[in-house]
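Q: Residue numbers (the working numbering), protein chains in the order written: chain A, 100 to 280; chain B, 100 to 280; chain C, 577 to 1360; chain D, 577 to 1360.
The hints are simulated quantities; they were obtained by calculation from the structure and are not laboratory data. Note that CB positions come from ideal geometry on N, CA and C, so glycine has one too. Take these hints with a grain of salt, some might be off.
Stretch by stretch, here's where chain A covers chain C in the computed footprint (C-beta under 8 Å, at least three residues) [said to hold, decoys possible]:
no., region
1, 612–624
2, 637–649
3, 687–699
4, 970–984
5, 1197–1207
6, 1241–1247
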Amino acid sequence: MAVKKEDKYPVARRYQIADVQVSREATAVKPQVVVNLIKKAKHPVLITGGQLLKDEKLVEIAVKFYEKGIPIIATGGSSKPLIEKGVNPQSVVFTLHQVTQFLLDEEWKGFDGKGNYDLVLFMGFLPYYLSRMLSALKHFSKITTVALEEFYQPHAKFSFTNLTANKDMYYSMLEEIVNNL
Amino acid sequence: MAVKKEDKYPVARRYQIADVQVSREATAVKPQVVVNLIKKAKHPVLITGGQLLKDEKLVEIAVKFYEKGIPIIATGGSSKPLIEKGVNPQSVVFTLHQVTQFLLDEEWKGFDGKGNYDLVLFMGFLPYYLSRMLSALKHFSKITTVALEEFYQPHAKFSFTNLTANKDMYYSMLEEIVNNL
Amino acid sequence: RIGKVIEEAEEWAEEMGPTPKPGIIELRKWDMKLLERYEPFYAPVQDFCNLCTMGPCDLSQNKKGACGIDLKTAKARLVTIACCIGAASHGGHARHLLDHLIEELGEDYPIDLGGNVNVEAPIIRTVVGIRPRTLGDLKEAMEWAEKELMRVLHATHIGNEESYLDYESKAMHISMVDHVLMEIADIAQIVAYNMPKAEPNVPLTDTGFGIVDKNKPVIVVVGHNVLYSKPILDYLEEMGRLDDFEIAGLCCAVHDMTRVSGGRAKIFGPISYQLRVIRSGIPDVMISDEQCIRADLLQACKAMGIPLIATSDAAARGLPDASDWPVEKIVNALVTGELPGVFLPVPEKVGQVAPLVAEAIFKKHGGNRKYRFFANDEELWNEINKCTQCMNCVFTCPHNLRIDQGMAHAQKTKDLSKLAKLEEQCIACGKCEQACPKNIKIINVIMASNFDRLYNKKGKMRVGRGPIQDTEIRNVGQPIVMGQIPGVIAAVGCANYPDEAKSLREILEEFVKRRYIVVTSGCHAITLGMITDEEGQTLYEKTPGDFDAGGLANVGSCVANSHIAGAAIKIANIFAMRPLRGNYAEIADYVLNRVGAVGFSWGPYSPKAAAIATGFNRLGVPVVVGPHGAKYRRAYLGKYFKKEKWWVYDIKTRSKVPIEPAPDALLVAVETKEEAIVQLARLCIRPNDTSLGRQIKLTHYLELSQKYLGKLPDDWHLFVRSEADLPLKMKDELLHILESEYGWKIDWDKKKILEGPIRRYDAGFNPTIVEEVYEKYAGEKPPQ
Amino acid sequence: RIGKVIEEAEEWAEEMGPTPKPGIIELRKWDMKLLERYEPFYAPVQDFCNLCTMGPCDLSQNKKGACGIDLKTAKARLVTIACCIGAASHGGHARHLLDHLIEELGEDYPIDLGGNVNVEAPIIRTVVGIRPRTLGDLKEAMEWAEKELMRVLHATHIGNEESYLDYESKAMHISMVDHVLMEIADIAQIVAYNMPKAEPNVPLTDTGFGIVDKNKPVIVVVGHNVLYSKPILDYLEEMGRLDDFEIAGLCCAVHDMTRVSGGRAKIFGPISYQLRVIRSGIPDVMISDEQCIRADLLQACKAMGIPLIATSDAAARGLPDASDWPVEKIVNALVTGELPGVFLPVPEKVGQVAPLVAEAIFKKHGGNRKYRFFANDEELWNEINKCTQCMNCVFTCPHNLRIDQGMAHAQKTKDLSKLAKLEEQCIACGKCEQACPKNIKIINVIMASNFDRLYNKKGKMRVGRGPIQDTEIRNVGQPIVMGQIPGVIAAVGCANYPDEAKSLREILEEFVKRRYIVVTSGCHAITLGMITDEEGQTLYEKTPGDFDAGGLANVGSCVANSHIAGAAIKIANIFAMRPLRGNYAEIADYVLNRVGAVGFSWGPYSPKAAAIATGFNRLGVPVVVGPHGAKYRRAYLGKYFKKEKWWVYDIKTRSKVPIEPAPDALLVAVETKEEAIVQLARLCIRPNDTSLGRQIKLTHYLELSQKYLGKLPDDWHLFVRSEADLPLKMKDELLHILESEYGWKIDWDKKKILEGPIRRYDAGFNPTIVEEVYEKYAGEKPPQ
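Bound conformation, chain A alone (with noise of 0.2 Å):
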C-alpha cells in the first residue's frame, strides 16, 4: 500500500538530499496505511514536537487523536497548546532526545508502565532533529516508526511523502487519519 506513482502524489524527496544511508528508506504511506497500523498497534503512540507552536492545526489534529484514544507524549513544548484544549499528555517534560533514549531500552515500561511502545507516530518536529531520532530508532530499535510531517523523513518506518507544495493535502491526509481511527 506504498504510494504509486499512479496515485499523483508528490515525489518522496528527503526533507535534506544530502542525508542518505545504505539502509532502506521510509515507505511513503497514504492516510489508510497509517490508520491501520495504528489499528493493528498494541501500544501506539503520538509524539508532538515543539513545531505545533507555531501550527495550530498541528494542534488541532493532535488533539483529535487523543480523542481518538491515542495517548500523546509532549515534548519541544507542545503540551502548553494540548493541554490547553483538554490533552493529558503522558509526559511533558521530556525531550525527544531523552524520550527516544528510553525507546531504545527494551526494558523501559512506558510512561504508562504499560510495556515499551510498538508503534510510534511523530507530528510536529524541526526535520533535521527528528531524522537523528528515527535514524537511531531505525538502527538500535524494532519499533515501527511512522512520520506524520510535512517534509519525507527517510530513516522512518513509514513517512508521509513530501507534502511542501502543497499544505492542503498534508492537513487532509492527517485528517483522513484521525477521521478513520
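On the provided structure of chain A, position chains B, C and D as indicated by the hints.
A: Structure of chains B, C and D alone, referenced to chain A:
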C-alpha cells in the same frame, strides 16, 4: 529508455551495498541505448580492464567493438589477448587510474590526438576499482560514462543492471550492442 | 628533574593528587562511572563506514564492518576523532601563541592575572598537577597535551577499540585535554597582551553593521587567533593613526581584538556573518587566520575585489608565501589585483601591510562603496523572478528555510517581507546557491530584502573579562553549592541557531531575571551583543558583568571557555577546600554532585564545540544543546526509571544511598527555546542541594514548566526529599498532589511528608560516587 | 639550551641544514613543486560531508558545503585526517615503547645498531636535525612529532584550508613525521630488545597453521607492539619452560616476536588470518595489543572459549582493568570463564598470566582440540544447504567473491572445490556473515572447504633484519644512482590483496630474478613467507637477505619501513655525500631525481599505510598500490602530455632542461599483477640514469611490457636520450621504430640518433628542482 520493471530485467543492485552517494545513481540501460549513445558520440572509446585476462568472451566482444571502429584503451594487461587477436590499442601501458586522470583534464587531446573523449565505455574491471574511477569522472568531468559490466555500477552515467545471476544475459547484451553498431 | 620537583614543592605546598598528567587509563574508571549512569545514545548520520580500503561497509542495524566494528562503536570512534580535532584546534592555537610569546617575552615572563586571582590556571592545576608561574611553565602542560593527543588519535586507527564505552572514555580524555589547551591559550594571551584580568566592569564595544564608519578604510579580521591581527593595532597606534581606520571583524578573532584594544575594535557579528560582510562590499582588506572561516573565503573576497591576507599555517589557502617579500611588494601585488591574496604568516608584517592595503583600496573607491548586495533594485528583482519554486534550496538548507515561499510571495505581491524574515534565521552558508539550477544569488536576495535592518544594526557587547575572581568565587561558592543561587548557566559556542538569533536572548533573559548566574563566551557572547530590545539595549547594557546572581559575565572568545570550567573547579577549591593538584576525579565528582552549573549551546556546530561540551561532561557539568546538536551523533542520557543507577556513597552516614536522578543527562539536545529553558532549570538540581536551595531550584523549575509546558513537570516529585524542599507558595497544593497522585503519606497536622521520597534530606549529606574519595574522607572502604 | 647546542655541535660535525624540526610552512614549497607535477587525483567514496552540524552537505559535482568547502578539498582534508591517524598510530606505539624503555633502561641507554651502521637514524637526522645517541635523544624527536601532529590535525578543523593543495602539503608533512615516528619505534626496540641489527643473514622462522605443535599450550599474540608480548618469552625463559609452549601470532606483533626471539616465535599469518586462527580453536589464550586487530576480537574469542588479555590503552575493549589484581586472581577469572577477558596494561604481569592461563586451558581439553571450524561434516553441509543464492554476501564482500556460486556448486555436486578456491582470496572479514539472512557461518564454510591445505600450510620467513648497513649502501649506492641496478622494489603494507596471495610472490619473483633489490616488511613480508613453490620453498629460502641486486631483504614489522626510507636517504649521504642534517628538501630532491626506488603495496588497507605511502611520496619515492588502494581516494598522477611540467635545473649546464616524465606518478593504483609488474619497472626510471643504467632499466621495462602487455609500452621513446640508452638486443629494431613511428632522425651509418629525444644525455647532468639546491651548488640564482 531506462530499464523498466515490465522488461523483466534484474533489479539494479549495487555491486557493493555500502557504496552510496547523494548524487544520482547510474541509469540501468538496455543494449540499444548504448548503441544509440555510441552512434551519437563524436569521440567514443572503449577502455578494457584486467578481467579480460580471465574471461575470453570479453576479449571476443572487445575485438568486435574494435572491428566496428571503436578505439580501445587497454589497461590492466588486457592488451595482451587483444593484440593477439589483431587489436591495436590506443594505449597499453597506462593504468585506468592514469587514464582517468587524463580524462579529467579538459586539455587532454586523447591518445589519438583528436581531443578528449566524450563517451567512455568500460568493460572488464574489478568492480570496486572501476567504481572509484567512475566516481571521479561523475564529480569532476562532463564525460558520459557507460559501464558494460556484470555488476551494476552506481556511479556511471549509464550502466548495465546487475547481471550476476545470469552471465548469459550479460554476454548476450554485449553481443547485442556490437551487433547493432 | 629532581631539582625541578623540589623547587616546585617549595613553590606549591599542595600535595600531589593521584592523577597528575593522566594518560588514557588513569581516569577511565571515573568515565565508566559516568557512562554507566549517563548511557551514550547514538543517532547515526551515516550508517556505513569507508575509512579503510576493505570498505565501504554497511553497518546498518548495528552490523559489523570488515574490521569487526559495529555501528555504535564506529560512531563513538567518530566522536573521538571529532573531539581530537577540536582539541587539536585549540592546541594548535595555544602552541602558536605560546611559541610566539615565549620568543618575544621569554620563558620567564610571569603569569599574573591580577590581584583577584591567586588560583590561576585551575584546570592545569587539577589535570596536569603543576602550578604555572611563567609562560615557560605552560609549555610543560602543552607538551603533555600534545602527547595525549597522539595517544588518543592512535586509538581511532582501524583495529583498536572494541567497546564504544572505551571510545567515549577516550573522547572524554582528549576533551579534558582540550580544556587544558584552552586555558593555556587564554592565560598566555591575557598576560602577554594585557587583556582584561578577571574584570567584571569591562568596557562595552560596538557591534553590528551599523557601527562601522564607512568613510574610513575598513580592515576586517576573521578567525580565532589574535596573534596575527593585534600587530595591526600596534602599528597604527605607533603611527598615531588608529582613528584613521575602522578595525572590525567576525568571530573570536575580533572578540580578542576587543580584549586587547579595550573595546576599540568593532564587531560585525558572529561566524554566520561572513558572507553578509564580504558581499556587502564593506571590507577594504580581509585578514584571515584559523578555524571556522569559510573555506571559500578567497573566492568570496576575489568576487568582491577585496584583497585577502591569510596568516595562519592552518589555512594557507593555496596562496603564495610572502613572508620574505618586502612590504611594498606585498602591498602592490594586493592593491593592483595582481594577486587576490597572499599567505603572510609573519604577524609584524601583517600589521604593516593590512593598513597600507586598506588605505590604497579605499582611495580607489573614495569611500563610495556602492555595492550593497545588488547594484540596484532591478538586479534584485531579476534574481527573484528567476525562481521557479523547484525546492532544491529548501532541501539543502540546514534549516529548511522556505525560500520558495519567500520568492513566490515576492513575485506575486512585490512584497519582500517574507524574504526579509528569512534573514533573521539564515546562517548564510550559501548551500542554497550551490543547489539552485537558476544560479540565483539567494544569499544576496535575502540580505537585500532585509537591507535596512541588517545594515543599520547596532548593539553593544561587554568585552571579554577573562577569568572569574577568587573573591567572586568566595561570594558565590556557598550559595551555589547549597543551592540558594539556583544555578550557573553558561551560554557558549557557535551560531548555528535553530531559530531567529533573538531566541538566545529570550532564553537567557529568563535566567538573568531569576538571578541565576549567566556566563557566556564565543559567538553566543557576540550574538547577545547584537540583540536589542525595544529600548535599543542589549542584555549586557541591562545587567552587571559580575559572576554573581543576576549577572551576565562574558568571559571572552572560545578559548576563554576554560574560565567557566575553571570557575566550577575553583568552587571546589576555594569554597570547599578540595585540593586541586592532580586530583581530577575528586573535583569532577564534587562538581557533579554539588555545583549546579549547566552548559548551554544553542547553535553548536563544530568539532571544537564537541570537545568543549565533552570536556564539561567529564567534569560533571551537563550541557544542553540546540536541535542541531543532535547531529553530533552522540548524547549522554540517563534513564530516570533505572533506579539501580541512581546512587551515591554518603560519607556522613557511611552508606550507599539511592538518590534522585539529578542531573539526569550530561548532553541533551532540545528542540525549542521553551524546552531549552525548562531543561536548563531542571538540570541545575544537584543531590547536595540544601532544603532551601532545592526549594529555590524547584520553584524555578516548576514555574518555568508551568509557564512553558502548561503544567507541572512529570518528574518534580522525584526531587522532593522532604516538605522543606517544596516551593513555599505551592506547598499545600503540592502536598495534595503527592498524596493523591503519587500515594505519598502526609501528616497534614504538621504538614510533613511521612513516606514517599527516594531519600530523606540530611544536612550532613556528603555524596561521592568515587570509591577513592569515599575512602579518603571516610577512612574505610566504601559499603557494597 | 645553548650548552646543549654546543655539545651537539661537538658531537656531530655536520652543519645544520635549512629546515631542522620543520613546521607546516618550511617544506610547503617542496610539496608544491611535487604537487604541480604530480597532480592530486580524487576519487570520492562519498560525495557528501557530515562533519559539522550545519550538514550533512551535498558536495557532488564539486559543490560547496555550508562551510564553503568543495568536494576536492573535503577529500584532501579526509586524506590529511587519515594520514594524521596513521602517524598517530606509529607515534602512540613509539611513545609507549620509548617511555617504557627509558623507565627500564634509562635516558642514557646508547643507540648502537652494530658496527655496520654508523649513519643511524637517517630520517631523524634529515628531518629533525639531530643525531640521536641515546634513548633520551629520541624523546626530542618524539616531542617534535607530537607538536606537529597537533598542528596538522588543527588544520583539518572546519573552516581552515581552502586549497586541496595545502591539505596535500599537510598530509605530506604529517606523513614525513610518520616516518620519523616509525624510525623512533624501531630503533628503540632494536637497541633495547637486541633485535637483529642490520643483519642480512637472520634466521628463518616458521609460518602457517601447519607449524604449530597442537600438543602444547598455544599462546597467540596479535597486534603491533612487542612491548606487551615480549615478557611472555622472558618469563618462560627464566622458568626454563620455553619448550613447553607454542608461542605464535599474527601481524606485526609476531613479526617483532620473531625478532626478539631469534625466530623462535611462530607466525600464523598476516592480519587476514585472525578469524581463521580464532575459529580454528587452536589458541589457548589470546594476547591483543594495538592496531589492525578485529574490533570484535573479544566476541570472537568468547564464542570459542578463548580467554583474552587486552594490553594496550589504545584498545582496552571495555574490559575490567586488572592491573592491580594479583596474578592468581586474573588467571582464575580467565580460566573459569568468570571473565571472557581482562585489560592488563602491565607487560610484566602479561608475561606471567598468559602462560598460566594457556596451560590451564590446555589441561582442560588435554590437547584434544576437536573444533575445526565445524564439529563434523554434517554441520558443514547443513550450513551449505541453507544458502539460497540471495547474493547479499556477494554485494557486501570487499572482493565480490562469488560465494553464491561456490555454495550452489557444492549443493549440486557435493564438490567443495569452488568454495575451497575462495579461501585463497578471502580476507576473512566476516561481512558476508553479517549480510546473510540465513545466518550461515560463511567464513567457517570457506575455511572448512579448504581445511587440509589451510591447516597444513607451512612456510619460512626470514626474520626482520632491521636497518640496511652502511657498507651495503656503499656497495649499491653508485649502481642504483647510475641505474645499473635497475631499481629497488619495496613491498610493504597490509594483506587486502585483490587476488590470491600467491600473486604477491609472482610479482616480486620477476624482480628478484632480474636482480632488482627487493625489500619487504609487515604483512607483505609475512605473506611472502607463506607462499611456497612446487618444491615447498618460499622466496626467502631461494634468495639471500642482502640489500643487494637479487636479494630479498625483510626489514621487519610496519615500523621497520623506516629503514627503507632510511636506505634511500643513506644513498644520498653515504654515496653522494649530501649532508642530511635538517636538509630534507635537498635529500628528497636527490631521491626523486636519482634513486630508482619504488614502493609497492599490493593489499594496502589502513590509514597507517596511507601515511607510510605519503611519507615516501614526499621523499620522492613513487608508490604503486593494488586496486583497493584507489579507495584511499587520492592519488598523485602526473600527465606525460603536459610538457611544461617536466623540467629540472641542471647545475652542470646552468640551465633549465626539459626532461622525460620519470617517474610520472607518485601514487598509482594498478588493477592486476601484470599491470603491477610493468608499472614497477617503469617507475624505476630516473632522470639521472647513466646510459648504461637507462639501457638496463629500459631493457626490463620493454621486456616486461612485451611479456605482460603484448607489445612495447606506448611511452618508451620518451625515455630515450641517445642510442646508448637503447637495449642492446633490440637496438636496430628500436631505431627503426623511432624513425618510422615517431619521426626521429637517425644516422644509420653510425647508428646514432640525430633528432628526436626530449633532451640529450650528458654525463655530468646534475638535476634538481629546488632553487635553493641549485643556488647552493651553482653559486648563482637558477635560470628562469
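Q: At least three residues with a C-beta closer than 8 Å to a C-beta of chain A: is that true for the region 687–699 of chain C?
A: Coverage by chain A is violated here, the residue count being 0 at a Cβ distance below 8 Å.
Q: With a Cβ-Cβ cutoff of 8 Å, does the region 612–624 of chain C contain at least three residues near chain A?
A: With 9 residues closer than 8 Å to chain A, the region 612–624 of chain C meets the three-residue bar; holds.
Q: Okay, the region 1241–1247 of chain C and chain A, do three or more residues pass the C-beta test at under 8 Å?
A: Check passed, 5 qualifying residues.
Q: Given that the region 970–984 of chain C was listed as covered by chain A, double-check it with a C-beta distance under 8 Å for 3 or more residues.
A: holds (count 8)
Q: Given as covered by chain A, does the region 637–649 of chain C meet the bar of three residues or more with CB within less than 8 Å?
A: n = 4 at 8 Å, threshold three: holds.
Q: For the region 1197–1207 of chain C, do three or more residues have a beta carbon lying closer than 8 Å to a beta carbon of chain A?
A: holds (count 4)
Of the numbered hints listed earlier, the single one contradicted by the structure is hint 3.
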